[in-house]
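Asks: These protein sequence lines are chains D and E, in that order. In the working numbering, each residue carries its 1-based index in the first sequence increased by 4. In the working numbering, each residue carries its 1-based index in the second sequence increased by 4.
The set of hints was computed from the structure by calculation and includes no laboratory data. For each residue, glycine too, the CB sits at the ideal point set by N, CA and C. Check each hint, because a few of them may be wrong.
Claimed, not checked - Short, incomplete list of chain D residues facing chain E, as computed with Cβ under 8 Å:
1) Val61
2) Thr193
3) Thr251
4) Lys284
Protein chains: 2
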Amino acid sequence: MKSIIVAALLACCTTVQAADLDIAEIRSFHVGGRQVTLQGLPVTEVPFSPGSVPFRVDPNGDYQTGQMYVQSVVLARPRARYPLLLWHGGGLTGVSWETTPDGRPGFQMFFLRAGHSVYVSDSAERGRSSFSRSPEIYKTSPLFRTGNEAWSLFRIGPDGSYTTDPASRTAFTNTQFPIEAFSQFGRQTVPRWLDSDPMIQAAYDELVQKVCPCVIMTHSQGGLYGFQAALRAPDKVKALISLEPGTPPNPKLVTNTLKGVPFLIVWGDNIDKSTYWTKKIPPISDYRDALVEAGAVVDWIDLPKQGIMGNSHMVMMDRNSDRVADLIQDWMVRQNLMQ
Amino acid sequence: MKSIIVAALLACCTTVQAADLDIAEIRSFHVGGRQVTLQGLPVTEVPFSPGSVPFRVDPNGDYQTGQMYVQSVVLARPRARYPLLLWHGGGLTGVSWETTPDGRPGFQMFFLRAGHSVYVSDSAERGRSSFSRSPEIYKTSPLFRTGNEAWSLFRIGPDGSYTTDPASRTAFTNTQFPIEAFSQFGRQTVPRWLDSDPMIQAAYDELVQKVCPCVIMTHSQGGLYGFQAALRAPDKVKALISLEPGTPPNPKLVTNTLKGVPFLIVWGDNIDKSTYWTKKIPPISDYRDALVEAGAVVDWIDLPKQGIMGNSHMVMMDRNSDRVADLIQDWMVRQNLMQ
Chain D
5 MKSIIVAALL ACCTTVQAAD LDIAEIRSFH VGGRQVTLQG LPVTEVPFSP GSVPFRVDPN
65 GDYQTGQMYV QSVVLARPRA RYPLLLWHGG GLTGVSWETT PDGRPGFQMF FLRAGHSVYV
125 SDSAERGRSS FSRSPEIYKT SPLFRTGNEA WSLFRIGPDG SYTTDPASRT AFTNTQFPIE
185 AFSQFGRQTV PRWLDSDPMI QAAYDELVQK VCPCVIMTHS QGGLYGFQAA LRAPDKVKAL
245 ISLEPGTPPN PKLVTNTLKG VPFLIVWGDN IDKSTYWTKK IPPISDYRDA LVEAGAVVDW
305 IDLPKQGIMG NSHMVMMDRN SDRVADLIQD WMVRQNLMQ
Chain E
5 MKSIIVAALL ACCTTVQAAD LDIAEIRSFH VGGRQVTLQG LPVTEVPFSP GSVPFRVDPN
65 GDYQTGQMYV QSVVLARPRA RYPLLLWHGG GLTGVSWETT PDGRPGFQMF FLRAGHSVYV
125 SDSAERGRSS FSRSPEIYKT SPLFRTGNEA WSLFRIGPDG SYTTDPASRT AFTNTQFPIE
185 AFSQFGRQTV PRWLDSDPMI QAAYDELVQK VCPCVIMTHS QGGLYGFQAA LRAPDKVKAL
245 ISLEPGTPPN PKLVTNTLKG VPFLIVWGDN IDKSTYWTKK IPPISDYRDA LVEAGAVVDW
305 IDLPKQGIMG NSHMVMMDRN SDRVADLIQD WMVRQNLMQ
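For reference, chain D alone in the conformation it holds in the complex (with noise of 0.2 Å):
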């Protein structure tokens, strides 16, 4: 009987690899938005592919305008007390958080192994959101990304380093950032609109009254979306984690609703070698100061400064990804956010 208990035993342990992911379900769903009505615009008739039954397209009847994409996997027994959503940065989706570049696990695949059920969303406008016509309900043009400008503004190499030839760009010496994989980060980016942030914010803001209490991780642009929603929804925002925030909201806005409420906000490295990134700390560091004025908690992380040299505006793709997601992993902790 022993010897068949322990048979059992080990027949039913070895299915559970400390490796593998217990999940209870993965589903997507689309928040926010609103219906538009267009009329008068001309009937046209067009194949949808070469050789095709031609089709009539109508473009007059009813759109779905500025709803915003959101996939979950929900553990079957998460170990934090929230769900963790993760905001991704401008001109590119959820997809930043899913896989490394250079095909390393990412934040997403981190955070669950730590045992947090993860939301990634799209923004709204971007990838499965998806974008609208213009000028009838898009009042501006996309703006879309070259490889030169996110190989500076992410900061894997200085100011003008980037060259077509892959042979002959100028990384920081120091840089995580897996350059080898750059065309691969290349064929993530999507291109963003200039107008849309209060269409975003509502998405976020209804995800937030949806899904939440949670804990936001963002990135880069999401992080004003985070801050926002922090202020919108203090009692359900259990903590914001910033990395490279870029612009936040107005300080004057903060108020002691967010008394308590833990905040991290992460730097990488070379920002003194960065014009741009220059110029973001000062707004962010006057808004960290609004936030502990109001009896925050506010922890402000310059990874340098903590000896983790080298990291790029992608601090979710850089090499030492992991590293970095330790040490959030470990603020999350101290902050009481796991059971």
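With chain D held as given, fit chain E onto it using these hints.
Replies: Relative to the frame of chain D, chain E by itself:
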């Protein structure tokens, strides 16, 4: 000792609920595409967000174009012989497979639970695959689908039966589509371009070379890409399941390299009430005949002839989606595609 082992056994095995999924890894990547360099375009200065530091936008430089986004969910212990690739239809993305519009688990979850590792992609130009500047890279403008068109094209209701007011719409009396969730479905709509078939096919062909041998399931426009992928890599495509395929390749392209390859073609209901779909059947039927002639194993299922009534074009979203998935899974078992 015995009681300790029994306690350990119970503690261990209550962590393996039948309903949970044991996942080795969730990851994503982009395949295909190429780099394009643009020159001679005007430079502008714009703030990324209102009030943000203006940023110099130089559109001259390198862009990635034509790439395709793929997300894989790999089971720790798959029971299928090959991974299952899910290729969506026109004007949509991989979201089609993730969850039904009324919130039930989609085909992705069904086939994961049935023992398949699943790869969901967004056709190049759509969703997380991104699109490119026009007229410099893309030569044409995108086509945006109205709810009006989707309602009849996807055979939820007869031609001309859509109205903006949901209460006044007339669906087919036997429809299985969850019409109360039609606006949630509309939020999944993305624009498409009409001259992009070769670009999309190239990315799918590269995916097949990267991750197959595999089984491919296509929907609607994806049918063409699946049929062509099987023609180009008959050794890699171990079976092809075409849900309501839109347009076939030229039947003259079929050769006996496809001998023994199993094909399943599935049709919903109310096709005789749709001018568009009535015209779509004969070319697919001719292609089926060419496959049979070449020695392929072809099953053609009209769901209503099996007593399964009311399916729309969006069979994976219909209320009876699990029943249709069961039928497909049974077919895969019979084709010896499970271990």
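Asks: Now look at each hint and say whether the structure bears it out.
Replies: Evaluated hints:
| no. | hint | verdict |
| --- | --- | --- |
| 1 | Val61 | 6 Å, holds |
| 2 | Thr193 | 6 Å, holds |
| 3 | Thr251 | 5 Å, holds |
| 4 | Lys284 | 7 Å, holds |
In summary, this structure violates none of the numbered hints.
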